[in-house]
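Using the sequences plus the hints, can you model the full thing?
Residue numbers (this note's numbering), protein chains in the order written: chain A, 1 to 214; chain B, 1001 to 1369.
Check before you lean on any hint, since a few could be wrong.
[What the hints assert, rightly or not] Quick partial rundown of chain A residues pointing at chain B, CB under 8 angstroms, derived from the structure: (1) Phe5; (2) Thr8; (3) Ile75; (4) Pro76; (5) His78; (6) Arg141; (7) Glu142; (8) Thr144.
Please keep in mind that the hints were generated in silico from the structure rather than gathered at the bench.
If you're wondering where the values come from, they're calculated on a predicted model, not measured in any experiment.
C-beta: ideal position from N, C-alpha, C; glycine also.
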Amino acid sequence: MSFLFRRTRALEAQIDQFLDTVSEGCLVFEQGVDDYLRGDREEFEERHKAIRILEAKADGLRREIETRLYVESLIPDHRGDVLGLLESLDNVIDQAKQTLAQFEVERPDVPESLAAEYTTLARVCVQSSQHLVDSCRAFFREITAVRDHLHKVYFFEKEADRLADALKRRVFSMDLDLARKIHLRYFCLHIEKVSDRAEEVADRLAIYTIKRTI
Amino acid sequence: MSWLFLTSGLFLGWSLGANDAANFFGTAVATRMLRFRTAALVGSLFVVLGAWSGAQGTAKTLGHLGAIDAPAGAFTVALAAAAALALTLSKSGLPVSSTQAIVGAIVGWNLFNGRATDLKTLTELLSSWILCPILSGGLAAGLFLAIRRFVYRLRLHLLEADTWLRVAFIVAGAFGAYGLGQNNIANVMGVFVRVSPFPELTRIGPWAVTSVELLFLLGGVAIAAGITTYSRRIMVRLGTGLTSLSPLAGLVVVLATALVLFLFGSVELQRLLRAAHLPGWPLVPVSATQAAVGAILGISLVRRSGIRLKPLGKIALGWVVSPLVALLISLVGLYVAQNVFELPVSNSRRPAAAAAGEAPSAPLGGESR
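Below, the structure written as structure tokens:
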């Protein structure tokens, strides 16, 4: 029967590779933020370079998967949903890359007392993205398990909102220049956007899952 | 000349193929899971096989309903059924079927010739029309729940599931086409059984083929021609209308419809049931379209997506409108064939000119014995 699945096996591998890349990109983002806040310039440069490569790889894989799905007329009924899912998932790694790029360009001056909170915020955002990748894997392989992962995405996204809110309040309660406060708030928002993007994908995925199960 | 009389049956077969193959391949072709060429090839092959094997099944039941014994009579009855089908399909959009049309036309022939209609057979036929969508709905509901559970347990990748689904669509479509040929060949060629232009036995190479088998083979080829030449548009239209169903539900509709056609058309299955001392059911031609509508309703019921009563009403209306229209056309057609073209529409009657001067009696067409 292997001849039947020759076409799909390669594509399955590409989809898995795409999900791995998004997951890895988000983990690199977390480490990059940590390196920046610890002042390890060299490591941060490495992470920034790595995430750019991973984002480009994810883009390439996504385009290749999309083309093959159309050219080989695969999953006609779910093709639109899968393409939508991959494109919105690509936005998550794109957001992570952009945020690291902003750290690189703008070099925010984060007070040492706030570094741990920024690191925690980045970690929670990345956790939501990791659960998102798990729920996407479940969408392809075990549809009934998607919900088990999705609720964790929503949990960590809310947690990121709460942490970001607390962090912004602390920034504005500190004795700093207004320009610095605003700058620090922007970076809080940039990091938080990663979990916001994950939540957007999760919303889409919830609908696609309902469509597949009825 | 007697060959020419077969043309109305062949036309009915062509129309059946063009319309009913969509029930089995519509979803797959419309969603491009199957190429039309593949669907037409598989459908044509299996419909001919089914028609060939259906030589002893449903045709006997129609033969009991009306023993048409003149070629012109058979021609007119088949033509009336085809005309009624075209008229009711195009004007009302009802899910009518050749089954109901041919029954109406045969009853028309009985009335015209003053022959008694076998009420037992008629009751069997009418009850099977009602039973067909109910049975199909029940089968579809059960199959849907079972297959869905099975698929979830398998934990297939979406792409693997898609490949399996394509294979399943081909297998179920082939089974459906076989069932269609086996069950509905009686509608197309059943009325010609007693007036077949073929010799009792024809030798084709090492095989000896009976007149009825040859007749049904020809009918099967006509259905296959309908599938190949004209079913594409109907497949796409029907398939697009059904896209609110998931591909799995679409597959279950095909399977349930095919099973119902097979159950009502298979002589072998009847033999097996009898051998196991199980109750059988009459071998009667049933409508593929109505079985498909019943299956969709069955799935809607288990998915709790609500039942629309409109399709059910349309089926019920089809049970009444289609045979009545066919009966009327049959009466008019037989009258024209006998009195205008002076063709004998029954063995027990001579053309009007020959019968001139004889006293009319009970039959609608005028007794001429």
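**Request:** Any hints from earlier that this structure breaks? Give me their numbers in increasing order, please.
**Result:** none
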